[in-house]
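Q: Residue numbers (our numbering): -2 to 472.
Be careful, since some hints might not be right.
[Unchecked claim] Ranges between beta-carbon positions, derived for each pair:
no., residue 1, residue 2, range
1, Glu78, Gln409, 40 to 50 angstroms
2, Met399, Leu135, 34 to 44 angstroms
3, Glu381, Pro217, 42 to 52 angstroms
Everything labelled a hint here was simulated from the structure, so no lab data went into it. Cβ atoms here follow ideal geometry from the backbone N, Cα and C, with glycine treated the same way.
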Amino acid sequence: MIERLWLQPPLAFARLGPSPVPCDNYRWGPSDLTPRGTGKTTVLPALTLDLAEDGTLTERMPEQVQFKDEDGWRPVCPYFELHGEWTVDGRSGSGCVTEQVLAESGLSLGDVRWEVSVANLKAHHLTQQAGDRVEARLELAGDDHRSRVLAGSSPQDARQPLVPAGSSLPLGSVQLPVPSTALPELRLRFTPGTGAVYGPQGLASSTGYELPPERLILNPDATWCHFTPEESDPRTAPGLLFAGAENGERSIGLVDDVCDGTVSVTLPGGLKATARIVAGPPRFSPDRRPFVSLADGLADRVQREDVHRPGYLDDEEQTALEVRDLFERVLEAMGAVNVDVQNERAAQENADIAAFLGVSQADARALVFTPPQPLLGLLLALSERGRRRHRRFVALEVLEDMIREQPALIEQRVRAPARSDEEGADPLRSTWFHDQQMPSAMRGSDGYPMHLTRRQYDLLVGWARTLREHTEPNT
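Let the sequences and hints guide you as you build the complete structure.
A: In structure tokens, the structure reads:
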């Protein structure tokens, strides 16, 4: 009898793409970040599952990783795999659920029920009108191996549904592979949308947006097609978050095919497992990792206190690996950012804030970096200088020596998270302003200068303190 179910992974990210060929699996390889190495990030092909139209699933090892083809970006199409715990004839077992496991529990594929429920609620989030919801829901029996489209629709009992009756906005598709002797596990594959944008019927060319006629399907009388935010609405900050905002703050009713939702599996008797799926745009630098990832955010929620536990920093090897990984990701992020452009944007934001606070705009602009003279043949002088400096920091010996020589380096050069402004302090020291602390010229989702998570920052501070404590005096 099956006693417990769960889905792996519990959270997966799909990425939009117009190509009919999914992106192959890949993993990060051993990048050569030694002092005399190439400094290049490497990605290596990984075992990939190919799903045919009839549900046949096969394994393949790609020769190379290809992110785009003649049709555009290849979508990232994650699989969800059903796992469980069971007891059969007094013997306990756990692992992937297969047809054999089902049979031993008196069940068949047809008894398994999958449910996928996704939605695009961007428009509804802003208008708060039920008719602006775009939702899709599918139920599949475990022996249904057809590809099924997630047809997004709006509540038809609403006053003005955004997706009118008779139309649908595709939010991707799902398919259950046929279990085989080689690959007996029960899986579901989610394929995201193509990255298409849909608009209201009769969309005027004067809006500056031209869409194919087959994608002009939305109701022009829906609230979203005439939405104008109230002044200082925090849901629209930073600005220009919807089409039309750049021309008078009025929405023109465009909707894309991103979505998020849940994948659930139910067995007779009510045993259920649920995972989350998120479909977003393609990553335009797929071989570059962010220095603050979703994993960092989750660790900050549930493992923040780990770095303060006695003995955590005593594991010098593990701590060094964690710090090195952070600085490797910082270097990768530097390789994907035009620091010169971002620095100028930050300077202009500083000037705008200074005008609001009534302080010197020139002094506020001077808080960020002064662009150096470009080297011969290099136009992005600030970007190049930053990449060369961060290139050194992945050699931990160099970073360790710098911290030993400059004990306050981390506190001085790395922006502390959630720092509060002191009453009566210099207005130019406000947390609103960008300055030269790292990460420089980058903005967080709250509109303030970006910073590491509290856990990351405290780990760096603790690691630097440990280095100084272990340094021989007068050396």
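Q: Does each hint hold? Answer for all of them.
A: Hints, one by one, checked against the model:
no.	hint	result
1	Glu78 - Gln409: 40 to 50 angstroms	holds (47 angstroms)
2	Met399 - Leu135: 34 to 44 angstroms	violated (55 angstroms)
3	Glu381 - Pro217: 42 to 52 angstroms	holds (49 angstroms)
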